[in-house]
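Colleague: The listed protein sequences correspond, in order, to chains A and B.
So in my numbering, spot 314 of the first sequence is number 314, and the numbers just go up one at a time.
So in my numbering, spot 294 of the second sequence is number 294, and the numbers just go up one at a time.
Among the hints, erroneous ones may be present.
[Unchecked claim] Straight-line Cα separation of at most 25 Å, DMTMM-like style, residue types lysine to aspartate or glutamate; simulated pairs:
1. A:Lys-232 / B:Asp-178
2. B:Lys-124 / A:Asp-347
3. A:Lys-196 / A:Glu-306
4. A:Lys-353 / A:Asp-269
5. B:Lys-177 / A:Glu-208
6. A:Lys-210 / B:Asp-191
7. A:Lys-96 / A:Asp-114
8. B:Lys-124 / A:Glu-161
9. A:Lys-25 / B:Glu-278
10. A:Lys-94 / B:Asp-123
11. B:Lys-177 / A:Asp-77
12. A:Lys-210 / A:Asp-42
13. A:Lys-353 / A:Glu-306
14. B:Lys-124 / A:Asp-269
15. A:Lys-227 / B:Asp-191
16. A:Lys-357 / A:Glu-306
17. B:Lys-177 / A:Asp-228
18. B:Lys-177 / A:Glu-53
19. A:Lys-80 / A:Glu-162
20. A:Lys-264 / B:Asp-178
21. B:Lys-177 / A:Asp-155
22. A:Lys-96 / B:Asp-191
23. A:Lys-80 / A:Glu-169
24. B:Lys-177 / A:Glu-161
25. A:Lys-94 / B:Asp-191
26. B:Lys-124 / A:Asp-77
27. A:Lys-262 / B:Asp-178
28. B:Lys-124 / A:Asp-20
29. A:Lys-80 / B:Asp-123
30. A:Lys-338 / B:Asp-191
31. A:Lys-346 / A:Glu-306
32. A:Lys-94 / B:Glu-278
33. A:Lys-345 / B:Asp-191
34. A:Lys-260 / B:Asp-335
35. A:Lys-96 / B:Glu-373
36. A:Lys-229 / B:Asp-191
If you're looking for bench data, these hints aren't it; they were derived computationally from the structure.
This is what each chain is made of:
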Amino acid sequence: MKRKLPILLLFCILLTGCWDQHLMKNAILVQILSYDLEDNDDFLLGVSIPIIEDPSGGAQALVQSETFSAVGLTPRDSRKKIAREISGTLDTSKNKLILFGEQMAATDIYPSLDVIWRDPRNSLGATLGIVEGKAVDLLKIKPKHKTNVSEYIQDALTSAEENTIVPNETIQTLASELLDPGEDVVLPYLKSNSKKSAIVVGLALMDERKYSGNLSPQDSTLLLLLKDKIGKYARFTTKVNDEEEFDINNYISFSVQQLKRKLKVQVNDGVVSVYLNLNVKINIEEYPKGDVPEQINRLNEVLSKELTTDADRVINTLQQANCDAFGIGRRLMAFHPKTWEMQDKKDYFKNVKFTTKVKVDVISHGIVM
Amino acid sequence: MIDNLWLEDGSLMKKNKNKVTNKQLVFMIIQAQIGVGILSLPHDVALVAKQDGWISTLLAGVISQVIILIIWGLCRRFPSLSLYQILPNLLGKVLGKFITLSYALYFMVTGSLVLARYSDIIDKWILPRTPNWITMVLVLITCIYIVGAGVTSIARFYVLVSPILFLLIVLISYSLKDANFLYIFPIGGTDLQTIFKGTKEAAFSMLGFELFLFIHPFVQASGKGKLKAITTANIFVTTYYTFMVFASLVYFETNTDIALTPEPLLYMIKAYSFQVLERTDLFFLSLWLIVVATSIANWLFLSAMGFASLFKKIPYTSFLPLVAGIYLVLALLPDQERDFESFNKFLGPSHYIFIIMIPFLLLIVSLVLSKKEEVNRG
């Protein structure tokens, strides 16, 4: 007993309390953050927090959400102001999404993210998105079938990820690409639809840390295929006929089953040329005109041509936005460091010559001909 | 057998009670080498050597192998004497005792720095509001307990906790799914001088093999067997470090991003959450504490042994609470990043002196005087 006494005493001192406890009952978990710039250049932070209503009558707890916003100097400054407005501690450790308003994104998204990387309690698993107009307005929508806005928007993004419209990225994987002078990121582009629903309308293209253009959903899918980043499904609808009277018969819908991409960077006399070859094997999901096996060669040809034109258009848009989504600059740094030295570090991507070729192979056509 | 012949010195306990097998030696050296430094190693190396940091790390392993050969050469001439007994034997009583004291103090300062860096990481990553002395006291108590149990127990404990090292490999390999392997090209893009500068940074994380100087008499193996064991440990650690540095280099952009993250490996782990585990870094750090504790225990052991060998007939265990107390005070001194830097500046040259110079000079002295332990093979 005599020898155990000091140990017991030590237990009393050391095990009685904890300085770093965060009780869930006091925490207000933030699920979405929004960053906006007001017209007078003030910073506006919006947070969406779930409110769990007691299941007094029904069996299931009803989760609703509420949106708070505050103007401040920086994200942390605004957060302090919001914290004064609500009861409990604002906790961003479970944050899943950070949305930027268009105006904010057009300046520089990097500085406002510093706090996310710096505070150890923040979640690096969150993803980023850009919203047409004001981001905080997207948090204020009242979707009919779901009462919790943050969950609703996240579900919309997850399904867009599955359908290869937006890439699967987190704030940590984006960090390196944002900081890399030889690569640019693409982010989900969302918009609110008459204050009722949120839709993913494709990809926002970033020029370094600035928002500089966007792509339609179908072009986004194509870009992700060209980047060799296919999600669960990748679906397209294209016009393949002209002569049909009934317009619906002119179209074909297909999904990509297999994908092979080749990207080659060549340097000749300081001119950078990129050869981008994409081989896709597709399954036809909808073709009202019917009789696929008969036309298979023609379809392969028409679709290859069609997608090559689309790819050219996508790359053209990228070059206009100066968004090096393929990381061509990084490849130059890695394999042609001397050429990279000579390049204009900012606008090099605009001078890259692309030769793109998409080859389509129909491999299946559902359970009818 | 060479049992108990050297026991007149009295500062060490009976040898037959403190046996370490050759396999245990491998783990002891590994645990002594891998400690708190690895979490920041990729950052330190990449700051200097950029995308070639992994080459620097490999070279650091080669350099430590050279030092290991010197250390082993010295130990082979005195197979049953630890460095604390070799010193007075070769240099005479006064000078020997003086250098022994310097070694004890050197280990004390190094150990305190490790303790301070450990508590700094805990403070930054897990427990920002808990006073630092609490975390330090807790780990010191554990270390006193481990070290007080004797060399055999230390060795067994080190073997027991080694699987934790593989956890880091698993977690880091998982995060490689988001790596961009283009970041390490062009290989050798920086010049040789830069790579060597990076080696200097990496070399400090390799320290720990000097433990061999002090525990080799306890190891039950031939001279060659010991060399094999210590080389195995060094190869493992070098490969381990090189993998970690390589993984961080392909995960983070090598110019700006990795310079912004002082603990790249923790960052890589933090970014992923699993079904039931949101912040993997917390889970990992709480296990990693044990690996750090083993290196602190290691330095505690060496400095306590040093003090004990200055006095006759006092077992080193009696010194543990006192030495640990000094560790705590020293570790509480630096509380800014700048303090760590000045701490390191002070320690930098002493590493060279104590790990390379002194063993090397001792080896030369023993060769020149052709002094060597008379082994009585009975």
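Colleague: Could you run down the list of hints and mark each one as holding or not?
Modeller: Status of the hints after comparison with the structure:
Between the alpha carbons of Lys-232 of chain A and Asp-178 of chain B the distance comes to roughly 18 Å, so the proposed pair stays at or under 25 Å and holds. Distance restraint check for Lys-124 of chain B and Asp-347 of chain A: the Cα-Cα separation of roughly 40 Å exceeds the 25 Å cut-off, and the hinted pair is therefore not satisfied. Distance check on the hinted pair: Lys-196 of chain A and Glu-306 of chain A sit about 35 Å apart at the alpha-carbon level, beyond 25 Å; violated. The suggested pairing of Lys-353 of chain A with Asp-269 of chain A holds, with an alpha-carbon distance near 13 Å, which does not exceed 25 Å.
At most 25 Å may separate the alpha-carbon atoms for a hinted pair to count; Lys-177 of chain B and Glu-208 of chain A meet this at roughly 23 Å. For the suggested pair Lys-210 of chain A and Asp-191 of chain B, the alpha carbons sit about 34 Å apart, so the restraint of at most 25 Å is broken. With a CA separation close to 16 Å, the supplied pair Lys-96 of chain A and Asp-114 of chain A stays within the 25 Å bound. At roughly 34 Å between alpha-carbon atoms, Lys-124 of chain B and Glu-161 of chain A are farther apart than 25 Å, so this suggested pair is violated.
In summary, the hint linking Lys-25 of chain A to Glu-278 of chain B is supported, as the alpha carbons are separated by about 18 Å, within the 25 Å threshold. Only pairs whose Cα atoms come within 25 Å are accepted, and Lys-94 of chain A paired with Asp-123 of chain B is accepted, the gap being roughly 21 Å. Restraint check for Lys-177 of chain B and Asp-77 of chain A: not satisfied, since their Cα atoms lie roughly 36 Å apart, outside the 25 Å limit. For a cut-off of 25 Å, the pair hint linking Lys-210 of chain A to Asp-42 of chain A stands: about 18 Å separates their Cα positions.
Taken as a hint, the Lys-353 of chain A and Glu-306 of chain A pair is honoured in the structure, with Cα atoms around 20 Å apart against an allowance of 25 Å. The hinted pair formed by Lys-124 of chain B and Asp-269 of chain A fails the criterion: a straight-line CA distance of about 51 Å is larger than 25 Å. About 33 Å separates the Cα atoms of Lys-227 of chain A and Asp-191 of chain B, which puts this hinted pair outside 25 Å; it is violated. Proximity of Lys-357 of chain A to Glu-306 of chain A is assessed by CA-CA distance (about 10 Å); at most 25 Å being required, the pair is judged to hold.
For the hint pairing Lys-177 of chain B with Asp-228 of chain A, the CA-to-CA distance comes to about 14 Å; that is within 25 Å, so the pair holds. At most 25 Å may separate the alpha-carbon atoms for a hinted pair to count; Lys-177 of chain B and Glu-53 of chain A exceed this at roughly 40 Å. A distance of roughly 36 Å separates the Cα atoms of Lys-80 of chain A and Glu-162 of chain A; the hinted pair therefore is violated under the 25 Å criterion. Proposed proximity of Lys-264 of chain A and Asp-178 of chain B is supported: the alpha carbons are some 21 Å apart, at most 25 Å.
Taking the CA atoms of Lys-177 of chain B and Asp-155 of chain A, the gap is about 24 Å. The hint holds against a cut of 25 Å. Between Lys-96 of chain A and Asp-191 of chain B the alpha-carbon distance is near 43 Å, which puts this suggested pair outside the 25 Å criterion. Only pairs whose Cα atoms come within 25 Å are accepted, and Lys-80 of chain A paired with Glu-169 of chain A is rejected, the gap being roughly 28 Å. The hinted pair formed by Lys-177 of chain B and Glu-161 of chain A meets the criterion: a straight-line CA distance of about 17 Å does not exceed 25 Å.
Straight-line distance between C-alpha atoms of Lys-94 of chain A and Asp-191 of chain B comes to about 44 Å, which puts the hinted pair past the 25 Å bound. Restraint check for Lys-124 of chain B and Asp-77 of chain A: satisfied, since their Cα atoms lie roughly 22 Å apart, inside the 25 Å limit. This hinted pair checks out: Lys-262 of chain A and Asp-178 of chain B have alpha carbons roughly 20 Å apart, not beyond 25 Å. A hinted pair counts as satisfied when its Cα atoms are at most 25 Å apart, and Lys-124 of chain B with Asp-20 of chain A qualifies at roughly 12 Å.
With a C-alpha separation of about 23 Å, the suggested pairing of Lys-80 of chain A with Asp-123 of chain B holds against the 25 Å cut-off. Our distance criterion of 25 Å between C-alpha atoms is met by Lys-338 of chain A and Asp-191 of chain B, whose separation comes to about 15 Å. Taking the CA atoms of Lys-346 of chain A and Glu-306 of chain A, the gap is about 32 Å. The hint is violated against a cut of 25 Å. With a C-alpha separation of about 8 Å, the suggested pairing of Lys-94 of chain A with Glu-278 of chain B holds against the 25 Å cut-off.
With a C-alpha separation of about 23 Å, the suggested pairing of Lys-345 of chain A with Asp-191 of chain B holds against the 25 Å cut-off. Proximity of Lys-260 of chain A to Asp-335 of chain B is assessed by CA-CA distance (about 54 Å); at most 25 Å being required, the pair is judged violated. Straight-line distance between C-alpha atoms of Lys-96 of chain A and Glu-373 of chain B comes to about 67 Å, which puts the hinted pair past the 25 Å bound. Only pairs whose Cα atoms come within 25 Å are accepted, and Lys-229 of chain A paired with Asp-191 of chain B is rejected, the gap being roughly 35 Å.
Of the numbered hints given earlier, the model fails hints 2, 3, 6, 8, 11, 14, 15, 18, 19, 22, 23, 25, 31, 34, 35 and 36; all others are met.
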